[in-house]
Amino acid sequence: MTRKAIYLLLATLLAVSPAFLNAYWVDVLNNVGMYALLALSLNLILGHAGLFHMGHAAFYAVGAYTTAILNTTYGIPVLWLMPVAGLMAGLFALMVARPIIHLRGDYLLIVTIGFVEIVRIALVNNVFGITGGSNGIFGIDRPFLFGFKIRKPHEFFYLIWGFMVVTVFLFHRLENSRFGRALNYLREDDVAAEGSGINTTHYKLIAFVIGAVWAGMVGTIYASKMTIIAPESFNFWESVVMFMIVILGGSGSIRGVILGAFLVIGLPELFRGMGAVSDLINNVFSGFGITLDLDFSNFSQARMMIFGAAMVIMMIFRNEGLLPPLPRKYPLKKIREEMS
Amino acid sequence: MSLLKLDKLIKDFGGLRAVDEVTFEVEAGDVFGLIGPNGAGKTTVFNLITGNYEPNGGDVIFDGTRINGLAPNKIVSLGVARTFQTIRLFKSLSALENVLSGAHCRMTSGPIAAMLKTPFQQREEKEALKLALTELDFVGLGDQAETRADGLSYGNQRLLEIARALATKPKLLILDEPAGGMNEQETDALIEIIARIKARGITVLLIEHDMSLVMQACEKLVVIEYGKKIAEGLPEEIKVNKKVIEAYLGTEDEEDETCF
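Chains Y and R are the protein sequences, given in the same order.
Reading the first sequence from the start, the letters are residues 508 to 847 in this note's numbering.
Reading the second sequence from the start, the letters are residues 6 to 265 in this note's numbering.
There may be inaccurate statements among the hints.
[Claimed, not checked] With a straight-line Cα cutoff of 30 Å, these simulated DSBU-like cross-link-like pairs (lysine-lysine) come out:
| id | chain 1 | residue 1 | chain 2 | residue 2 |
| --- | --- | --- | --- | --- |
| 1 | R | K176 | R | K13 |
| 2 | R | K203 | R | K13 |
| 3 | R | K96 | R | K174 |
| 4 | R | K10 | R | K174 |
| 5 | Y | K841 | R | K174 |
| 6 | Y | K840 | R | K122 |
| 7 | R | K234 | Y | K836 |
| 8 | R | K96 | Y | K511 |
| 9 | R | K122 | Y | K511 |
| 10 | Y | K841 | R | K234 |
| 11 | R | K131 | Y | K511 |
| 12 | R | K122 | Y | K836 |
| 13 | R | K203 | R | K234 |
| 14 | R | K233 | R | K203 |
| 15 | Y | K841 | R | K135 |
| 16 | R | K174 | R | K13 |
| 17 | R | K244 | Y | K841 |
| 18 | R | K174 | Y | K840 |
| 19 | R | K135 | Y | K840 |
| 20 | Y | K840 | R | K131 |
| 21 | R | K79 | R | K248 |
| 22 | Y | K511 | R | K233 |
| 23 | R | K203 | R | K79 |
| 24 | R | K96 | Y | K840 |
| 25 | R | K131 | Y | K841 |
| 26 | Y | K836 | R | K244 |
| 27 | R | K203 | R | K131 |
| 28 | R | K13 | R | K244 |
| 29 | R | K225 | R | K248 |
| 30 | Y | K836 | R | K135 |
| 31 | R | K176 | R | K244 |
| 32 | R | K96 | Y | K836 |
| 33 | R | K122 | R | K79 |
| 34 | R | K174 | R | K135 |
In short, the hints are calculated from the structure, not lab data.
As the structure is a computational prediction, the values presented were derived from the model and not from experiment.
Given only the sequences and the hints, what does the whole structure look like? Please build it.
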């Protein structure tokens with residue numbers, strides 16, 4: 508109960524936060540939201556099914572480019588393209604994942620890294636003459652929702668976090684179903700899962716497809732938010748960030764992944780303001796006649812070092828992530844009553 | 006017609022013939038034992054039946070269908086369930102969820118039904134929970150439903166594997182050394198459970214080293230050594246079979262040779 512109250516409080520705080528924040532900080536929250544969505548979709552593959560997939564940015568790119576191309580050439584409204592982008596990303600995932608689905612652990616990891624690079628290089632080389640090469644595609648429309656044009660960060664905030672609510676709701680149901688359990692079985696022991704009658708190949712593929720569909724839909728939001736997309740937005744590093752969010756936050760845990768996104772995407776923005784902190788300290792000390800020459804303004808560049816250290820420490824002391832998944836709840840009492 | 010028929014089954018590992026033209030039939034309703042010294046190829050035979058290995062020759066016929074070459078999950082859904090020689094549970098999941106994995110192949114709801122929480126999906130989920138609890142009760146773990154699998158005692162983990170296998174609603178249950186690592190009381194409880202499984206009309210095929218268990222639980226035995234069938238018959242017959250005694254204890258000649 509208290510846990511529910513805390514979640515409700517945090518959600519309310521987040522929902523009203525745009526009223527108190529400037530455009531810059533709202534945009535930071537939007538980025539956090541987008542990465543949280545991407546990481547949640549990766550979480551199905553990496554967290555629940557335990558497949559080391561580091562190529563998620565490829566699916567994200569397919570979604571974003573599908574949206575950009577169809578919108579700029581045919582003028583189809585962006586939000587209508589969301590399911591199309593998801594479908595394309597899902598089909599793409601099915602196609603590329605099928606031949607490699609039997610690979611395990613590190614082998615799969617290496618091949619999926621290949622995904623991202625192949626997609627990025629294909630985009631740079633203006634494949635089929637429709638991706639605009641390394642300049643990318645510009646002039647993508649803003650989304651319209653009920654005749655209202657979404658343009659400012661404050662408006663995107665509600666689109667992104669609204670989609671988040673839907674996603675969390677649906678993914679929570681997925682987790683607590685036959686499908687969600689099947690993914691966990693094959694993560695724990697795929698020989699035993701197969702021996703218990705679970706078609707592991709099928710479920711691995713479905714996990715890839717659903718994850719890709721969601722990443723593709725986030726790609727739509729990204730394309731319409733930026734109005735210009737380029738191959739460099741979908742490089743290997745993006746995949747690493749998503750991977751890091753899932754592992755750091757807690758594999759297989761929705762709340763963990765969202766926390767992970769806040770830490771990995773939000774914290775560096777806080778560090779960016781550190782220059783002001785060092786100025787403040789210098790000023791205070793100079794008031795006492797002490798000359799300090801502190802400069803924290805480059806602190807944000809050290810963030811990778813801090814993340815690296817944090818990951819190492821975490822893997823030693825908390826290797827399930829910051830907020831590992833809770834055991835599923837079943838209405839056992841009720842079922843028992845019905846049985847007797 | 007027999008429920009399971011192995012017909013001149015062959016399995017090679019490189020130059021080694023681990024299973025050499027093994028032939029036997031298991032009648033429906035029997036508790037059938039497969040015994041033999043260490044390394045005789047018993048587990049290999051099991052893995053050939055369950056689809057974990059593909060035979061190099063011969064056939065496995067289950068319930069009138071040729072099943073060699075099918076994927077393990079397909080064979081499970083046809084009605085062959087198994088336990089593992091080394092316990093293979095889903096360690097970080099609860100006992101209940103472990104048993105639910107067995108119920109999986111008798112359910113049909115996919116991810117979309119789960120997202121929409123269709124009435125059918127919810128009904129199916131409830132039925133699966135009932136089935137899982139029933140099987141947990143059956144092996145005596147009903148009160149441990151929410152315990153993590155790796156939090157159970159060794160003997161109980163073995164029983165949980167049996168419950169998981171039973172949840173697949175099998176016609177044939179294959180137990181690979183179910184008494185391994187069990188103490189005497191646990192073994193007695195296991196014998197009683199095997200009898201109750203038989204009473205449910207499920208055929209049991211059992212690999213075991215524990216001779217007292219085999220003699221008490223099984224109605225018919227096959228003995229293999231070096232991948233070959235050396236004897237077949239009732240427990241009383243096997244007990245006095247000269248070849249079997251030789252296989253387990255060695256011949257007097259051999260003993261003489263080793264003396265020198």
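Now the hints, each set against the structure:
no.: 1; hint: K176/R / K13/R; result: 23 Å, holds
no.: 2; hint: K203/R / K13/R; result: 27 Å, holds
no.: 3; hint: K96/R / K174/R; result: 22 Å, holds
no.: 4; hint: K10/R / K174/R; result: 20 Å, holds
no.: 5; hint: K841/Y / K174/R; result: 24 Å, holds
no.: 6; hint: K840/Y / K122/R; result: 21 Å, holds
no.: 7; hint: K234/R / K836/Y; result: 49 Å, violated
no.: 8; hint: K96/R / K511/Y; result: 28 Å, holds
no.: 9; hint: K122/R / K511/Y; result: 22 Å, holds
no.: 10; hint: K841/Y / K234/R; result: 51 Å, violated
no.: 11; hint: K131/R / K511/Y; result: 25 Å, holds
no.: 12; hint: K122/R / K836/Y; result: 16 Å, holds
no.: 13; hint: K203/R / K234/R; result: 25 Å, holds
no.: 14; hint: K233/R / K203/R; result: 28 Å, holds
no.: 15; hint: K841/Y / K135/R; result: 10 Å, holds
no.: 16; hint: K174/R / K13/R; result: 28 Å, holds
no.: 17; hint: K244/R / K841/Y; result: 51 Å, violated
no.: 18; hint: K174/R / K840/Y; result: 24 Å, holds
no.: 19; hint: K135/R / K840/Y; result: 11 Å, holds
no.: 20; hint: K840/Y / K131/R; result: 12 Å, holds
no.: 21; hint: K79/R / K248/R; result: 37 Å, violated
no.: 22; hint: K511/Y / K233/R; result: 63 Å, violated
no.: 23; hint: K203/R / K79/R; result: 23 Å, holds
no.: 24; hint: K96/R / K840/Y; result: 24 Å, holds
no.: 25; hint: K131/R / K841/Y; result: 10 Å, holds
no.: 26; hint: K836/Y / K244/R; result: 51 Å, violated
no.: 27; hint: K203/R / K131/R; result: 27 Å, holds
no.: 28; hint: K13/R / K244/R; result: 25 Å, holds
no.: 29; hint: K225/R / K248/R; result: 17 Å, holds
no.: 30; hint: K836/Y / K135/R; result: 15 Å, holds
no.: 31; hint: K176/R / K244/R; result: 29 Å, holds
no.: 32; hint: K96/R / K836/Y; result: 17 Å, holds
no.: 33; hint: K122/R / K79/R; result: 27 Å, holds
no.: 34; hint: K174/R / K135/R; result: 13 Å, holds
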